[in-house]
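J.: Next come the chains, spelled out residue by residue.
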Amino acid sequence: MAFNRKKKTFEGDTVQLENVSVGYGEVPPIISGVSLNLPQKSFHFLTGPSGTGKTSLLSLLYLANLPMAGSVKLFGEDVMDASRSRLAALRRRVGVVFQDFRLLDHLSVFDNVALPLRIARVPEDVVMQDVKELLNWVGLGEHMENKPAVLSGGQKQRVAIARAVVNRPKLILADEPTGNVDDKIAVRLMALFIELHKLGSSVIVATHNESLVARFPFPRLHLENGVLTPRPAAGQAG
Amino acid sequence: MARSDLPFRKDNAGRFVQWLVMVLVFLSAIAATVNAYTDALLTHWSRSVVGTMTVQVPPAAEGRSSSDAARDAEKVLAALKLHPAVASAKAIPREKIVTLLEPWLGSGAAITDLPLPALIDVQLRPDSTNSAASVADLVVKAVPAALVDDHRVWLSRMTDLAGGIGKIALGLVGLIAASLAFTVIFATRASLTEFMQTIEVLHLVGARDDYIAGQFARRALTEGIVGGVLGLVLFAPTLAAVVWLAKQVQAGVLPQVELPPLHWFVLALLPFLAGLLAMFTAHFTVRRALRAMV
Ligand SMILES: Nc1ncnc2c1ncn2[C@@H]1O[C@H](COP(=O)(O)OP(=O)(O)OP(=O)(O)O)[C@@H](O)[C@H]1O
Ligand SMILES: [Mg+2]
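From first to last, the protein sequence lines are chains L and H. The opening residue of the first sequence carries number 1 in this note's numbering; numbering runs sequentially from there. The opening residue of the second sequence carries number 1001 in this note's numbering; numbering runs sequentially from there.
Keep in mind that the hints are not guaranteed to be accurate.
[As the list claims (entries may be wrong)] Cβ-to-Cβ under 7 Å is the rule here; a few derived chain H residues that face chain L: (1) Val1023; (2) Ala1132; (3) Val1201; (4) Val1205; (5) Ala1292.
[As the list claims (entries may be wrong)] 25 Å max Cα-Cα, derived SDA-like pairs, lysine to any residue: (6) Lys198/L - Val227/L; (7) Lys1081/H - Arg1071/H; (8) Lys147/L - Arg1071/H; (9) Lys73/L - Lys1081/H.
Treat the hints as calculated values from the structure; they're not laboratory data. Where is the CB? At the ideal position from N, CA and C, for every residue including glycine.
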């Protein structure tokens, strides 16, 4: 892939969380007082029992939610101070693989993956080329014109991943990106994230899959009972 | 950009907007045409009566002979001819008055014996049509019993009528525009609910509010224009039918007047105005709704 599009350069940490609490409504916060700095070009797993708040934490980073307390900085920009159009611009620099994919059922696989590029007003010939290339890479070259409804769970997941990375985001948030694929494809998809990581993106992969965590030499952030604990890398070089 | 990220083809709210715009543009076209016709009629009538006056010199009454009456008429004529605003003043010959009255009173000796008023037809100079009042004063000074009719009362009533019709037409168009705006607001809200999941994805992928609102707006514009053109298509045969019916009526009652080119231009603009109104309303509604998201 041609990763040569110019992006604004930025020197500090990609993600800076300070004393952040996350919650929904009146109930006590799910996450409280989390502080976290993720440098550029970092790679982390995010682990923790189901329902512990991994998706909630990520949703803070893809700017679907604002924290109840504390401050969130993305690419050095405080999201509380950002205008709506700045928030949109920040979102365009973040690629998200949603746990439930969130593909648009009425659009073809191609158009689903092209969405971030078109929103970023990338010229259509570039869209054509990049999307095709990426879909071939994730093994969906044959399914470009299909609607997501006719794909298997694992294929949908690959479409979701392709959509997340197609615009070469500087921050990639993958929520259970390998939950529906066998180990062979899981490793191949991880290789895609690792390639983007090597090219300069920060990556967070939330997963339950301990064997996946064990396989790669990346540190993990463990979330349990509202507390985030960094743990060193478990795996060897992948 | 013709491409849309939202599955508009599937939702019925939009089709309803199109249908409603058709009806509303049809009604607006009728209101505008009635208004334009009234204005044109008024212009037609005022052009034919402005600058003309009719002076009535009463016939011989008790204690006055018919030669007194004739002398009064001469006096009025003489006075009129001295006024600089008067282009011509002619007594209408008695025979002509008789002819005018014949259809009502019948011919024969009886009518010629009637004490008829003397009528004087006055034409003012085209550049001094507003001196009518001073001419009337002059006439009344010469012969206090003379009656001057400069058609102003009649004309001002017609102007009031036309003005009233104009205001009603404007009010109707205002109501129509409001109905369109409200319909678009509710239809847009319905679509927003229907497409919420898609919109959330667009939002999270980094679409700006105006990117999403623009898709709704573009679609509202198309619906407005298409609906509006259909409305005009519906209006054309209706107008033709009314014109045909009007032609069957005696010409004096409903004069054939030309509507100004501006009117047809305004009618042709209606679909675009409806489209623009729908577009801005949809844009505004979507932007407001999106502000509920972070
Ligand atoms: N939109 C929401 N409104 C209210 N509560 C929510 C919402 N989203 C999540 N929660 C609650 O927050 C808690 C954490 O949910 P979250 O989805 O973040 O967990 P998770 O760690 O991602 O779980 P899993 O591993 O199963 O995906 C749960 O108790 C859930 O019920
Ligand atoms: Mg989750």
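J.: Taking the closest Cβ pair, is Ala1132/H under 7 Å from chain L?
T.: 66 Å, violated
J.: Should the interface hint for Val1023/H be scored as holding, given a Cβ-Cβ cut-off of 7 Å against chain L?
T.: 30 Å, violated
J.: Would you check the hint for Lys198/L and Val227/L, treating anything up to 25 Å between C-alpha atoms as holding?
T.: Status violated; Cα separation ~29 Å.
J.: Quick check on the hint: Val1201/H CB to chain L CB, less than 7 Å?
T.: This interface hint holds because 5 Å falls under the 7 Å limit.
J.: Are the Cα positions of Lys1081/H and Arg1071/H separated by 25 Å at most?
T.: With a Cα-Cα distance of about 15 Å, the restraint between Lys1081/H and Arg1071/H holds, given a limit of 25 Å.
J.: Can the hint on Val1205/H be confirmed by a CB-to-CB distance to chain L that is less than 7 Å?
T.: This interface hint holds because 5 Å falls under the 7 Å limit.
J.: Min Cβ distance, Ala1292/H to chain L: is it shorter than 7 Å?
T.: Result: violated, 12 Å to nearest chain L Cβ.
J.: Mind checking the alpha carbons of Lys73/L and Lys1081/H for me, to see if they're no more than 25 Å apart?
T.: Given that 25 Å is the threshold and the Cα spacing comes to 94 Å, the pair is violated.
J.: Taken at face value, is the distance from the CA of Arg1071/H to the CA of Lys147/L at most 25 Å?
T.: Violated, at roughly 102 Å.
When each numbered hint is compared with the structure, violations occur for hints 1, 2, 5, 6, 8, 9.
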